[in-house]
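Each chain, written out:
Protein chains: 2
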Amino acid sequence: MGTSTTNGASAPSSSTAMRPWADDLPNSIRVEVGDLAVPFRDIAVTGESPVRVYNTAGPIAHDLRDGLPKRRADWVAKRWGIAAPTQRWFARHGIVTEEMRFCAIRENVAPEFVRQEIAAGRAIIPANINHPELEPMIIGRKFLVKINANIGNSAVTSGIAEEVEKLQWATRWGADTVMDLSTGPNIHATREWIVRNSPVPIGTVPIYQCLEKVKGKVEDLSIDLFLETLEEQALQGVDYFTIHAGVLLHYIPMTAKRVTGIVSRGGSIMAKWCLHHHEENFLYTHFDRICDLMRKYDVSFSLGDGLRPGCTADANDEAQFGELQTLGELTKIAWAKDCQVMIEGPGHVPMHLIQENMTKQLEVCDEAPFYTLGPLTTDVAPGYDHITSAIGAAMIGWFGCAMLCYVTPKEHLGLPNKKDVKDGVIAYRIAAHAADLAKGHPGARLWDDAMSKARFEFRWEDQFNLALDPDTAREFHDETLPAEGAKSAHFCSMCGPHFCSMKITEDVRQYAAAQGLSDEEALRKGMEEKSQEFTEKGAEVYLQA
Amino acid sequence: MGTSTTNGASAPSSSTAMRPWADDLPNSIRVEVGDLAVPFRDIAVTGESPVRVYNTAGPIAHDLRDGLPKRRADWVAKRWGIAAPTQRWFARHGIVTEEMRFCAIRENVAPEFVRQEIAAGRAIIPANINHPELEPMIIGRKFLVKINANIGNSAVTSGIAEEVEKLQWATRWGADTVMDLSTGPNIHATREWIVRNSPVPIGTVPIYQCLEKVKGKVEDLSIDLFLETLEEQALQGVDYFTIHAGVLLHYIPMTAKRVTGIVSRGGSIMAKWCLHHHEENFLYTHFDRICDLMRKYDVSFSLGDGLRPGCTADANDEAQFGELQTLGELTKIAWAKDCQVMIEGPGHVPMHLIQENMTKQLEVCDEAPFYTLGPLTTDVAPGYDHITSAIGAAMIGWFGCAMLCYVTPKEHLGLPNKKDVKDGVIAYRIAAHAADLAKGHPGARLWDDAMSKARFEFRWEDQFNLALDPDTAREFHDETLPAEGAKSAHFCSMCGPHFCSMKITEDVRQYAAAQGLSDEEALRKGMEEKSQEFTEKGAEVYLQA
Numbered sequence: 001m002g003t004s005t006t007n008g009a010s011a012p013s014s015s016t017a018m019r020p021w022a023d024d025l026p027n028s029i030r031v032e033v034g035d036l037a038v039p040f041r042d043i044a045v046t047g048e049s050p051v052r053v054y055n056t057a058g059p060i061a062h063d064l065r066d067g068l069p070k071r072r073a074d075w076v077a078k079r080w081g082i083a084a085p086t087q088r089w090f091a092r093h094g095i096v097t098e099e100m101r102f103c104a105i106r107e108n109v110a111p112e113f114v115r116q117e118i119a120a121g122r123a124i125i126p127a128n129i130n131h132p133e134l135e136p137m138i139i140g141r142k143f144l145v146k147i148n149a150n151i152g153n154s155a156v157t158s159g160i161a162e163e164v165e166k167l168q169w170a171t172r173w174g175a176d177t178v179m180d181l182s183t184g185p186n187i188h189a190t191r192e193w194i195v196r197n198s199p200v201p202i203g204t205v206p207i208y209q210c211l212e213k214v215k216g217k218v219e220d221l222s223i224d225l226f227l228e229t230l231e232e233q234a235l236q237g238v239d240y241f242t243i244h245a246g247v248l249l250h251y252i253p254m255t256a257k258r259v260t261g262i263v264s265r266g267g268s269i270m271a272k273w274c275l276h277h278h279e280e281n282f283l284y285t286h287f288d289r290i291c292d293l294m295r296k297y298d299v300s301f302s303l304g305d306g307l308r309p310g311c312t313a314d315a316n317d318e319a320q321f322g323e324l325q326t327l328g329e330l331t332k333i334a335w336a337k338d339c340q341v342m343i344e345g346p347g348h349v350p351m352h353l354i355q356e357n358m359t360k361q362l363e364v365c366d367e368a369p370f371y372t373l374g375p376l377t378t379d380v381a382p383g384y385d386h387i388t389s390a391i392g393a394a395m396i397g398w399f400g401c402a403m404l405c406y407v408t409p410k411e412h413l414g415l416p417n418k419k420d421v422k423d424g425v426i427a428y429r430i431a432a433h434a435a436d437l438a439k440g441h442p443g444a445r446l447w448d449d450a451m452s453k454a455r456f457e458f459r460w461e462d463q464f465n466l467a468l469d470p471d472t473a474r475e476f477h478d479e480t481l482p483a484e485g486a487k488s489a490h491f492c493s494m495c496g497p498h499f500c501s502m503k504i505t506e507d508v509r510q511y512a513a514a515q516g517l518s519d520e521e522a523l524r525k526g527m528e529e530k531s532q533e534f535t536e537k538g539a540e541v542y543l544q545a
Numbered sequence: 001m002g003t004s005t006t007n008g009a010s011a012p013s014s015s016t017a018m019r020p021w022a023d024d025l026p027n028s029i030r031v032e033v034g035d036l037a038v039p040f041r042d043i044a045v046t047g048e049s050p051v052r053v054y055n056t057a058g059p060i061a062h063d064l065r066d067g068l069p070k071r072r073a074d075w076v077a078k079r080w081g082i083a084a085p086t087q088r089w090f091a092r093h094g095i096v097t098e099e100m101r102f103c104a105i106r107e108n109v110a111p112e113f114v115r116q117e118i119a120a121g122r123a124i125i126p127a128n129i130n131h132p133e134l135e136p137m138i139i140g141r142k143f144l145v146k147i148n149a150n151i152g153n154s155a156v157t158s159g160i161a162e163e164v165e166k167l168q169w170a171t172r173w174g175a176d177t178v179m180d181l182s183t184g185p186n187i188h189a190t191r192e193w194i195v196r197n198s199p200v201p202i203g204t205v206p207i208y209q210c211l212e213k214v215k216g217k218v219e220d221l222s223i224d225l226f227l228e229t230l231e232e233q234a235l236q237g238v239d240y241f242t243i244h245a246g247v248l249l250h251y252i253p254m255t256a257k258r259v260t261g262i263v264s265r266g267g268s269i270m271a272k273w274c275l276h277h278h279e280e281n282f283l284y285t286h287f288d289r290i291c292d293l294m295r296k297y298d299v300s301f302s303l304g305d306g307l308r309p310g311c312t313a314d315a316n317d318e319a320q321f322g323e324l325q326t327l328g329e330l331t332k333i334a335w336a337k338d339c340q341v342m343i344e345g346p347g348h349v350p351m352h353l354i355q356e357n358m359t360k361q362l363e364v365c366d367e368a369p370f371y372t373l374g375p376l377t378t379d380v381a382p383g384y385d386h387i388t389s390a391i392g393a394a395m396i397g398w399f400g401c402a403m404l405c406y407v408t409p410k411e412h413l414g415l416p417n418k419k420d421v422k423d424g425v426i427a428y429r430i431a432a433h434a435a436d437l438a439k440g441h442p443g444a445r446l447w448d449d450a451m452s453k454a455r456f457e458f459r460w461e462d463q464f465n466l467a468l469d470p471d472t473a474r475e476f477h478d479e480t481l482p483a484e485g486a487k488s489a490h491f492c493s494m495c496g497p498h499f500c501s502m503k504i505t506e507d508v509r510q511y512a513a514a515q516g517l518s519d520e521e522a523l524r525k526g527m528e529e530k531s532q533e534f535t536e537k538g539a540e541v542y543l544q545a
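Residue numbers (the working numbering), protein chains in the order written: chain A, 1 to 545; chain B, 1 to 545.
Check the hints yourself; a few may be wrong.
Identical copies go unnamed one by one, so any copy, or any two together, can satisfy a pair.
With a Cα cut of at most 30 Å, we get these calculated DSSO-like pairs of lysine-lysine [claimed, not checked]: (1) 217 with 257; (2) 453 with 257; (3) 78 with 296; (4) 70 with 142; (5) 453 with 360; (6) 360 with 257; (7) 70 with 296; (8) 78 with 217; (9) 439 with 360; (10) 215 with 142; (11) 217 with 453; (12) 439 with 213; (13) 439 with 257; (14) 70 with 418; (15) 419 with 296.
Hints are computed from structural coordinates only; laboratory data are not their basis. Since we're looking at a predicted model, the values are computed, not measured.
With the sequences and hints as input, model every part of the structure.
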């Protein structure tokens with residue numbers, strides 16, 4: 001299907017250019033706030049002002065061949081001539097950029113606070129100067145917890161159109177960034193379509209493309225090929241690169257006795273290169289040259305954890321923490337060059353070992369944002385690793401992890417299809433929001449409270465619309481009570497009218513409210529007097545019950 | 001379909017009597033160990049001894065009309081004449097019962113340890129003397145974390161056959177106990193079919209049947225009707241009763257200002273009764289009479305949290321902790337009568353407030369086992385509450401909660417169907433196992449390590465068989481690599497051959513092993529010497545890579 005790219009890959013046609021699903025979720029509209037047109041989603045709620053939530057979905061339907069509106073073009077144009085036009089450079093020079101203001105409005109904080117966090121290295125705004133379509137977002141532990149969705153085809157599967165649709169599908173459900181992990185043919189073309197149509201930062205693992213260029217011969221990899229590939233991708237507008245510069249020669253033998261050794265693709269590639277050449281990792285020895293290139297385009301570092309544990313048995317071992325130490329050293333080098341940096345983390349970690357990961361990372365990486373994959377809290381549930389990992393992700397998010405890389409139900413088994421992408425994104429939106437609640441992030445609770453009120457008042461339509469996944473909530477409700485009448489029924493299929501605790505509570509509440517009873521009073525007056533009160537006023541309450 | 005019960009309800013016919021699915025999971029067999037024939041599941045693993053795991057599925061196919069073999073009949077018969085034939089009474093009199101020995105073998109601990117935990121009230125074995133079909137199990141924080149699955153029809157849905165099938169389906173996937181929450185007609189008949197065919201303890205909420213008896217008129221409830229109903233259910237063999245004796249009159253006004261008031265069905269029923277009669281909860285005022293009946297049959301108390309929070313906003317409030325205090329007082333009364341007791345807990349609790357629930361419960365209830373519903377860590381994801389709650393369940397299980405009541409994807413939306421029951425059970429098996437790992441429960445890790453080894457060695461069939469849900473694991477793998485050959489392929493669809501980190505690690509490991517390198521050595525010898533080593537021996541390793 002579709003038009004054909006130079007290398008013959010199937011690219012999106014105009015017919016697929018329009019999203020095959022509704023632009024907005026039910027009873028929601030995209031609103032754009034202020035002179036920077038910062039996007040939000042307003043969810044209409046019966047009889048109350050709409051609930052305004054964060055919105056990652058991007059502008060409404062457009063032709064994929066045109067790409068998204070280039071909202072950052074003018075912002076970036078003004079900055080020509082600055083050697084290191086990174087958000088960190090501006091922040092450290094006291095300049096609040098449009099990107100910082102944009103993020104401040106999105107997060108409901110002061111622009112100056114955003115600037116300070118970025119200057120301190122505690123937060124980053126991944127925003128390549130060549131990605132004008134971007135709606136800037138901030139990653140840092142003093143902001144909302146973010147989630148990343150991985151897409152990308154492999155030698156085994158899928159075409160460009162499919163990947164672009166996955167991008168839009170992932171952001172529709174709430175992905176804050178998307179990584180394109182394509183390894184098959186057409187990596188370049190696929191990436192171009194993705195970046196031009198992405199409102200969220202795009203991340204890649206450049207070593208994958210390098211390996212394609214040397215036809216899989218790891219030993220032929222070199223720093224020059226790597227830098228050339230970085231530049232190719234930076235010019236396309238990729239916002240952050242995963243770079244496994246911490247896989248040092250002397251860490252490699254530490255993985256030999258592990259149950260699952262090295263499980264990171266990039267990590268194993270660099271390990272193989274190091275062993276073959278009996279030389280130190282060229283990403284480490286030439287790190288300064290990489291920094292110079294990154295800052296030219298303001299591509300953020302995502303320092304890869306190539307030695308992350310691949311099973312709970314290998315968690316928090318010498319190899320993992322040794323590499324983390326090195327990532328901490330590299331962070332300081334990158335900062336000195338005004339590059340933005342985040343640090344990647346595990347992986348597979350049982351619950352009791354999660355906190356140590358967060359504590360150590362903040363310590364050895366000077367509070368640079370942490371970006372973990374899960375972690376998965378058990379190894380025995382392939383097919384359900386979005387759940388085994390949502391548990392660990394929610395916990396580490398609460399402990400201070402800034403971004404959570406999703407895991408789909410297909411992890412360890414295959415590449416995610418559209419359904420898997422949605423399941424992974426929803427599981428991680430749950431983990432991130434649970435973490436925001438636990439951190440007491442201002443405003444995080446408003447959404448929950450709106451849902452709870454709707455639940456208590458039997459506003460079924462509002463419950464569906466306020467749900468992270470309105471379609472599924474409605475579908476599940478209708479399975480047992482399909483009748484439209486049931487949408488306004490003051491009971492539900494779980495209990496039926498007799499047993500409706502909500503109904504009874506309403507009476508209790510009305511009664512107590514009518515009596516102006518506070519908890520204190522209730523206790524002070526004591527049982528006896530209270531009984532009398534009930535005797536006098538109680539009856540009428542329950543005539544209508 | 002099927003034969004008809006006295007009250008005309010549709011009961012299972014012989015055709016549905018045989019389970020409509022395979023008796024054992026793939027490559028697994030049920031084994032029975034020792035003179036008590038304690039069940040386990042042995043999972044065959046290529047080239048290694050089988051992995052032996054806990055087994056809740058019960059005996060293989062039988063005719064539902066006959067019920068399960070009555071393995072406890074003789075054990076119980078010997079005990080006639082004892083006024084309080086409870087496991088607690090025996091434990092406190094230094095007697096190790098067959099049930100205790102059975103649990104000791106299941107948990108791989110000493111029988112004397114089981115006896116001590118029960119005597120101390122830190123654990124219970126719910127085992128009604130009239131439930132001879134039971135395969136005894138123990139609930140306590142020093143044992144494996146258990147999970148409960150709720151089934152039961154309501155006025156709105158489903159028949160007896162369907163509920164019995166849900167029972168077998170739930171235990172097949174790992175439910176340790178099952179609560180029958182039926183509220184519609186045929187409660188008695190449904191329960192009879194369930195108990196006779198259940199290898200796991202059955203719990204109920206007797207107040208539901210009482211309310212049916214008074215045709216939904218809460219004010220007509222009385223202690224005599226309640227005791228009569230308890231006896232009816234105790235005679236059938238129900239193993240534990242949820243009793244909301246902690247909902248006291250003076251706590252009720254404390255719920256008036258909540259966002260969602262009272263959400264427990266039993267709690268709201270008792271609240272309504274109290275307000276109507278302006279009297280104290282009759283379950284509280286006549287608690288001693290309830291104890292006398294419970295101990296006669298050794299029905300365990302599950303003291304209900306009728307005032308649990310129904311949303312994160314109401315978590316850990318005065319009403320909730322006030323009731324908990326009362327449950328602690330009642331625990332001592334029940335213990336004095338040698339009744340077994342566990343305590344029910346929330347509900348909806350954000351992550352940062354979960355630990356306090358566990359700490360307070362252990363303190364005010366003298367370490368009686370805690371049994372929580374979730375808790376759900378956010379309110380905004382109806383349709384995914386098996387995930388919002390698995391996060392909280394795993395955490396509180398790690399903190400010391402003894403049993404986790406599952407939440408299905410249908411929570412807040414409708415009654416669970418078979419798929420929902422499975423999804424809920426699997427999510428909770430994950431939470432419980434993650435908690436066992438975090439608690440360092442002896443042997444818990446063996447299963448994970450076996451899976452990780454199979455993963456590292458590309459033993460795909462073993463990975464499927466070792467999975468909590470082998471069917472789904474295989475199905476997901478086959479979606480991308482259906483060919484039988486792929487089952488033995490030394491790579492998978494995620495990376496393809498070039499990028500296979502596992503493959504590369506194998507080389508690294510073989511190399512290091514061949515050199516007899518330990519981490520220590522590797523570090524001691526230092527980089528230089530190591531480089532030389534690699535130069536000498538390295539080449540040949542990668543000739544075959």
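These are the hints, each one checked on the structure:
1. 217 with 257: within (26 Å within a copy, 68 Å between copies)
2. 453 with 257: between (54 Å within a copy, 12 Å between copies)
3. 78 with 296: within (15 Å within a copy, 85 Å between copies)
4. 70 with 142: So residue 70 and residue 142 pass the 30 Å test inside one copy only (29 Å; across, 60 Å).
5. 453 with 360: For residue 453 and residue 360, the Cα distance is within 30 Å only across copies (28 Å; inside one copy 41 Å).
6. 360 with 257: within (23 Å within a copy, 43 Å between copies)
7. 70 with 296: within (20 Å within a copy, 77 Å between copies)
8. 78 with 217: neither (43 Å within a copy, 75 Å between copies)
9. 439 with 360: Both: 19 Å inside a chain and 22 Å across chains, each within 30 Å.
10. 215 with 142: neither (43 Å within a copy, 55 Å between copies)
11. 217 with 453: between (60 Å within a copy, 27 Å between copies)
12. 439 with 213: The answer is neither: 45 Å in one copy and 47 Å across copies each exceed 30 Å.
13. 439 with 257: Between copies, since 24 Å is at most 30 Å while 38 Å is not.
14. 70 with 418: within (27 Å within a copy, 49 Å between copies)
15. 419 with 296: neither (38 Å within a copy, 53 Å between copies)
This entry does not satisfy hints 8, 10, 12 and 15, going by the numbered hints stated previously.
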